[in-house]
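Protein chains in written order, with the working numbering: chain A, 161 to 380; chain B, 456 to 550; chain C, 845 to 1261; chain D, 514 to 1519.
Calculated directly from the structure, the hints in this document are not laboratory data. C-beta: ideal position from N, C-alpha, C; glycine also. Do not rely on the hints blindly, as some may be mistaken.
[Stated by the list, open to error] Dumping the calculated DSS-like pairs for lysine-lysine here, alpha-carbon to alpha-carbon at most 27 Å:
no. : chain 1 : residue 1 : chain 2 : residue 2
1   : D       : K1128     : A       : K338
2   : D       : K902      : D       : K566
3   : C       : K1113     : D       : K657
4   : C       : K1096     : D       : K902
5   : C       : K1008     : A       : K338
6   : C       : K874      : B       : K535
7   : A       : K246      : B       : K545
8   : C       : K1066     : B       : K503
9   : C       : K855      : D       : K566
10  : C       : K874      : D       : K1094
11  : D       : K1305     : D       : K1215
12  : A       : K338      : D       : K1135
13  : C       : K1068     : B       : K503
14  : C       : K1091     : C       : K1074
15  : D       : K1215     : B       : K545
16  : D       : K643      : C       : K897
17  : B       : K535      : C       : K1091
18  : C       : K942      : D       : K657
19  : A       : K338      : B       : K521
20  : C       : K1091     : B       : K503
21  : C       : K1096     : B       : K503
22  : D       : K1450     : C       : K942
23  : C       : K1113     : D       : K643
[To be verified] Label-pair distances were calculated between CB atoms; the ranges are:
no. : chain 1 : residue 1 : chain 2 : residue 2 : range
24  : C       : G850      : D       : A1495     : 33 to 43 Å
25  : D       : K1158     : A       : P327      : 55 to 65 Å
26  : B       : R483      : A       : A242      : 49 to 59 Å
Here are the chains, one letter per residue:
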Amino acid sequence: MSEAIAPEKEVTNVAVMNQLPSGAIRAESPLHHAELDKLAARNPRGGGVILRELKLLGHLTLRGSQDNASFMAGCAEVLGVALPTKPLTSVDNGSVSVRWLSPDEWLAVVPMDQAFEIERSLRAAIEGHFQVVNGSGGQTIIELSGPNAVDVLKKSTILDLHPSQFPVGKVAGSVFAKASALVRRSGEDTWELVVRRSFADYIWLWLQDASREYGLVVKA
Amino acid sequence: MLHIYCPHCEELREEEEFHCSGEAHIARPLDPDNCTDAEWGEYIFFRKNPRGIQHEMWYHTTGCRKFFNVTRDTQTYEIKEVYKIGEQPKVVAEG
Amino acid sequence: MQRYSGFGLLKHSLSYHENWQRVWRNPTPKKKYDVIIIGAGGHGLATAYYLAKEHGITNVAVLEKGHLGGGNICRNTTIVRSNYLWDESAALYEHSMKLWEGLSQDLNYNQMFSQRGVYHTCHTLGDLRTNERLVYANRLQGVDNEMVYADQLQKEIPALDCSKDARYPILGASVQRRGGNARHDAVAWGYARAADALGVDLIQNCEVVDMEINDGKITGVKTKQYGVIKADRVGCVTAGNSGVMAKMAGFKLPVESHPLQALVSEPIKPFLDTVVMSNHVHGYMSQSDKGDLVIGAGIDGWVGYGQRGSYGIIEHTIQAIVELFPLTSRVRMNRQWGGIVDACPDASPILSETPVKNLFFNCGWGTGGFKGTPGSGNVFAHTLAHGKAHPLAEPFSLNRFNTGALIDEHGAAGVAH
Amino acid sequence: MSQKNRLQSGGRVDRSKALTFTYNGRQYKGYQGDSVASALLANGVDIVARSFKYSRPRGIVAAGAEEPNAVLQLGATEATQVPNVRATQQELYNGLVCSATNGWPSVESDWMGMMGKLGGKMMPPGFYYKTFMFPQSMWPTYEKFIRKAAGLGRAPTERDEDEYDIVNQHCDLMVVGAGPAGLMAALTAARSGARVIIADEQSEFGGHLLSSRERIEGKPAAEWVAGIVAELAKLPEVTMLPRSVVNGYHDHNFLTINENRTDYMADKAPEGQVRQRMHRVRAHWVVLATGAHERPLVFGNNDVPGCMVASAVSTYINRYGVVPGNKLVLMTTNDGAYQTALDWADAGREVVAVVDTRSNPQGERIEAVRKRGIKVITGSGVIDVQGKKRVSGVSVAGLDAKGEKVTGNVQQLSCDTVASSGGWSPVVHLSCHAGVRPVWSDEAIGFVPGPSVQNQLIAGGISGTYALDKVLAEGAKAGQEAVAKLGLAASEVALPNVRKVSEGTPMALYHIPHTKPTSRAPKQFVDYQNDVTAAGIELATREGFESIEHVKRYTAMGFGTDQGKLGNINGMAITAAVLGKSIPETGTTVFRPNYTPIAFGAIAGRNCGPLFEPKRFTAMHKWHVENGAEFEDVGQWKRPWYYPKNGETMQQALDRECVATRESVGILDASTLGKIDIQGKDAREFLGRVYTNAWAKLAVGKCRYGLMCGEDGMVFDDGVTSCLGENHFVMTTTTGGAAHVMEWLELYHQTEWPELEVYFTSVTDHWSTMTISGPNSRKLLSELCDDIDLDKDSFKFMDWREGTVAGVPARVFRISFTGELSFEINVQANYGLHVWEKLFEHGAKYNLTPYGTETMHILRAEKGFIIAGQDTDGSMTPIDLGMSWCVSNNKPFSYIGKRGMAREDCVRENRKQMVGLKTKDPKVVLPEGAQAVADTKQPIPMDLLGHVSSSYWSANLNRSVALGFIKGGLDRMGETVYYPLADGRVIEAEICSPIFLDPKGERQNV
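Based on the sequences and whatever the hints tell you, model everything.
Below you can see the structure in the form of structure tokens.
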């Protein structure tokens, strides 16, 4: 049975839930059906675009006011990094990354098996008005890298991706083809797209199509 | 294609990311139940629709999901200013 | 009025076409008219014509700030149909349709009104439901409309992709076979010529800058070029500029003016002899007698008076057209443009008295103005002649936005065009 | 015939690379570097088209985008057909196949030409408005013939196999046109480090320098160009786009560029390559350096093949090494065109005469021509041309000083080519796209761009500046200005050294008079493609079409595929002259996108076919596919519609699914419903404001159905919202309404009630939702869940519990849309398919039956539950829906919809209200959409009482069930209404309660 029951106060106010099974049950990421691992295994040649799914991570949406000191401090303490307050920026300490979504909204990406504990800790640490939502099942991250990754992105998003406008660490939510994505530059030639589960297949089809002229390499 | 400065993201973004939600500064009557039909109709349907300076509300749909105000010339499509909900415009129509 | 005919054409060709009469005069305005109509677009000119013809009121001026027929009448995609959902709309548009059917002869000006059929394609079960409802209603309202389903539709329009593997496969369509296209300029010019012949003064380059209102009653208008011109009644028929005119008269309208774009391809050999509209994938197309594919795009979501909209709308429309008609992929788009549509919250027009006595407004046609031209002019002429709404116009009052008696044509029919 | 007009040397064609192409079924040779037009001229092909109205033979007139006649059908295969390709813009490649688009049996000998001659007189402008009216019934027949003659080329009949894409670009400076001005502007900005995009429609950069014999820095201009291009290519922030037409210049400095990536080498793109690419550019600054088009003069029979624009003749000679004739007469109003006479003479062919409309022209080039012994006839004009399929001679006559009347004697000259120049028209098109009208410049004798509100600069020919030294200087200046505006450091760019040429004053003349009045003179063409003549324009104005817009529309001037690039200014000038006004008084014309036509496929990019729109899938989608589901499109979602089994009809499958659910247990994938997580101490208050019913007392662990209305009181969405904690709710919305509801909540929170402490986050995609429904659902669930007490008294209807299902933590909601005992299981979507499959493992013994949206609709209709969007259409209040139980007017806050519902029309008698409808014959299913009447005998239009909104065959009830609207329906229970159908049948139905099954709700409370 799940460890759903948090301290008494929170049970009445907010339902916190450990959503992970305790047993060995296979989790299927949004691109599970694309069988990227099989594609990766038989990748024959090189290509200008390398694609990998950063799958099954914990995605926590954090909402709160920057004026709520308890919220800001609690998040910093629990996550180990301070919430970036400068618009369109992100922080990353290796296991935890936090993306700015709006002045009162952030996305923390954490190891899946820590999502519940982090949520509980946040609730314990923070006073006042805030929201924590575990959205781990609802989205995934597609990483694009390689010399032509930016060319594929330019076919897909209207953001200005020039290094002077979109330095490493910048994050921006925008239209992506006919869906949307949260784009983050994680390295000079490396990009992360946070996409919604139900759109993942469309974006996967799109990326294959748009990268055809450069060659697409799938990595597991 | 409009190029719109989002006051929350603090940069210019393409129109595709936004959704226009019409004339700004239309406050919901505080006591709807005591409004006449005409007053209620005024609130929900009647608009200034100016040829020239207009204050309008935009929603950053695929970005920060915040509403904000834009002062725009509906004739030339120039955006004169952008300001947050709760703030007042600096550029206003003459007369 | 010089009658037009094939024989006349032959006669004039013998004199090198040197003896054709003017189609309309260029009069200087009088000091006072029985009725002033502001706006010489299709609806304004039609109103003037029917005032003179059906009500014997010929002491009429139509004031136009630019050239006549220069507004939406000359920048629309010329679709004519009357298959609207609600009884009130169906009656109004069908009244218009019946006038269309004899208009060339009535005006002695070829409207090139071609009843080639207007199809609304259905891509989802919801679309089918909406269109079937429309068809059932229309048949009992006296408006022709019928359903055709995918296999039959494919036969009727070979170029339309009715295959099952489309993103939104076409399941069927409603078709109004009496619907079709007319030649937009011919409508404006035909009405103008006929109205002029009956004595109506068409005053071009005459901009109304203010209204003379005393004790809540209009007595005339102030123009930029000719000063005050008096009138017993004033009808404002200024489409996309209605909000500005209302402001002059001191009230607001439940109207917003949005850009509506359209585009044409280069002329190609005709392959489409009907009008196809898809509300689901958002595009509609017909092919003109010159061979241009005439394509309607969507409305921009913001107020704009610039007669142009955003490119994204054009892109989306072209995608829809290529999706519907894959063989257009290599056809080339020649020109795009925009009009200003005065959109009402219920996608139905306003033909109404106003808070100002003797001032009447005819506006809010949104995307439906062209098809409504004859009917609109006809009932609005009656309204101006009698000082109160024509029975067909009654439901289209301004007051409906207070009482809530909206005639919501996009909610149910989803067919705003 | 082998390239009889090709020069032995010179030009930019590669004579070592011979190419073969086919025109009108016949093979010809050309060279790499040719345009189709230059190759046709090289081969002595005179006729390339028949005119639209009069079917007159037409030849190549120009050398670029302004060409009105040489509009061909291109393509070697059916799938690669392209209509209306301009021969002057199409590069030649080996194997190219093209043909003329009109003329029967051929463009050379066209029978329609006979008709044109006979009927031409009957076809003045607007003739179609004046005839074809009698009798009325004949118009469709007339139209059939008119349509036979319509169009130029044709669309392919097979699917386009080529790939297109769209790329988004951003830059500091967009330079349009890579002629001398554009190159200088780009270089200047690029040296300062600006991000520059420079695009040009031609295959090479250089603009008119490619066809000029001018020298820059003492070397041939083309060499200078090559040096600049080489430098630009090295700069990392410069993007160079040759073969790229900037076709639109929109608001806020947004431009679109159509890049031709393979059309120059094949009609189908090589495998793996994109045929055309659209660049969507957002530029901080724009320099328009689009140059100018030379205007031909308007004179009698000026459309006979062999009549060309002077600069085009020079282009063919200098750029392509092709002299398009043997004996030239040049007519000009200016010095510049004299260069054409020099080029022609240098090519070794005869210049019969230069006819200058000016009485005493002086200038360097004129001297040069005279020195070569070429006859210069001054103060004169070519008044008409002789010849049918090719010019054979011209009539030249003296003109008065203003060029308005023929004064002198008429002399005949023999020639085969007439080049004319009436000066230049700046290419202002792009500057007009964002709504700016061009302004007349007497100095430039043309329209130049009007003042723009955009960050736009102009340089070179577009501003009416034609002398090369000045053009270069303007380009550099524009570059410097952009650099300064961008806040970049200025860099050193020296102006190249160019020899200045002294020139005389040009004459503003457009229309060469004839000895006869214009109406009786030989046809003087203004717009070739639409057969618009000077006489036609005169006639239009005589008839009262005095506004330039009227003239254009009445005559169709400027409406061709060249959009009047060549003829519009001449037409306006003629209109002005007839009206006795100046050109600016007559008015301008506004150009709109596209600058030149663009393929639909290119504009659509890869957003068609499979990528036309996203298909949204749930975590269980694969299972649905594998189990034979038919899908329904709901918004962008693909939802299982029904699951036919071996050969079942749809109705059989539905009957089976419906019965199995009511008799045992069925399962629905409900993941697509919108889900919003709501937290905050004011969440409850907020819900009370956006829903019509009460939320103050909903306890933790409980669920409640709610209706959402607009401020007009009309229902737009519904769903169940559950209280997860005192300050925590999860709201469900309809599948199609999810995004709208989310924006609706944010709108009211952010703009009206920011003081309420509440946050909303969408969790639609996060949860997989599966509903098991039916009497055996509890048994099934109990096999997979041992940590929730499923007993009916502890886990009641409209409760929710947290627990574990199939090993996965879940929230289970006891809510029902079927009226059966139901459990809605929600698990994190990564485990959705696992739980779904486990349910089937255990469900086999209960005949667990998957059902889709259609069965769901039937089951809920049996219970009288509405579907927002199907039973509602934006015109129904909750009261109209018979759902007054879901409206609470005792709430302290005037919730959204309350006031709207109270308006005069919303509370009147006899509104359409939702009721059940029982057909008299239980086997008959009412068609959805059918309209009720009280009396079928009444005349049309009938009084319609309301429509059927939902109607199904109910296998469980063994009869049809329907929901529909009837005026005053709630007070008319038991009455009969009639539904007349299209086929003449009338269905009788009785008005009844919408709840057909289990009115007391016992089945869901077990």
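Measure nothing beyond the straight line between the CA atoms of C:K1066 and B:K503; if it is 27 Å or shorter, mark the hint as holding.
holds, 22 Å
Holds or violated: are the alpha carbons of A:K338 and D:K1135 at most 27 Å from each other?
holds, 22 Å
Check whether the Cα positions of A:K246 and B:K545 lie no farther apart than 27 Å.
holds, 26 Å
Given pair status - D:K566, C:K855, alpha carbons within 27 Å:
With Cα atoms ~20 Å apart, C:K855 and D:K566 stay inside 27 Å; holds.
For a C-alpha distance cap of 27 Å, please report whether D:K902 and D:K566 respect it.
Status holds; Cα separation ~17 Å.
Agreement of C:K1113 and D:K643 with the hint, judged by alpha carbon distance not exceeding 27 Å
holds, 25 Å
Satisfaction of the hinted span 33 to 43 Å by the C-beta atoms belonging to C:G850 and D:A1495
Since the Cβ atoms of C:G850 and D:A1495 sit about 41 Å apart, the hinted range of 33 to 43 Å holds.
Pairwise hint evaluation, B:K503 against C:K1091, where the allowed Cα distance is 27 Å at most
holds, 8 Å
Has the given pair, C:K942 with D:K657, been kept, meaning a C-alpha gap of at most 27 Å?
Roughly 23 Å separates the two Cα atoms, so the pair holds.
Please work out if C:K1068 and B:K503 have their alpha carbons no farther apart than 27 Å.
holds, 23 Å
Against the 27 Å threshold, does the CA-CA distance of C:K1091 and C:K1074 hold or violate the hint?
holds, 19 Å
For the pair supplied as a hint, D:K1305 and D:K1215, confirm whether the alpha-carbon distance does not exceed 27 Å.
holds, 14 Å
Of the numbered hints given earlier, the model fails hints 4, 6, 15, 26; all others are met.
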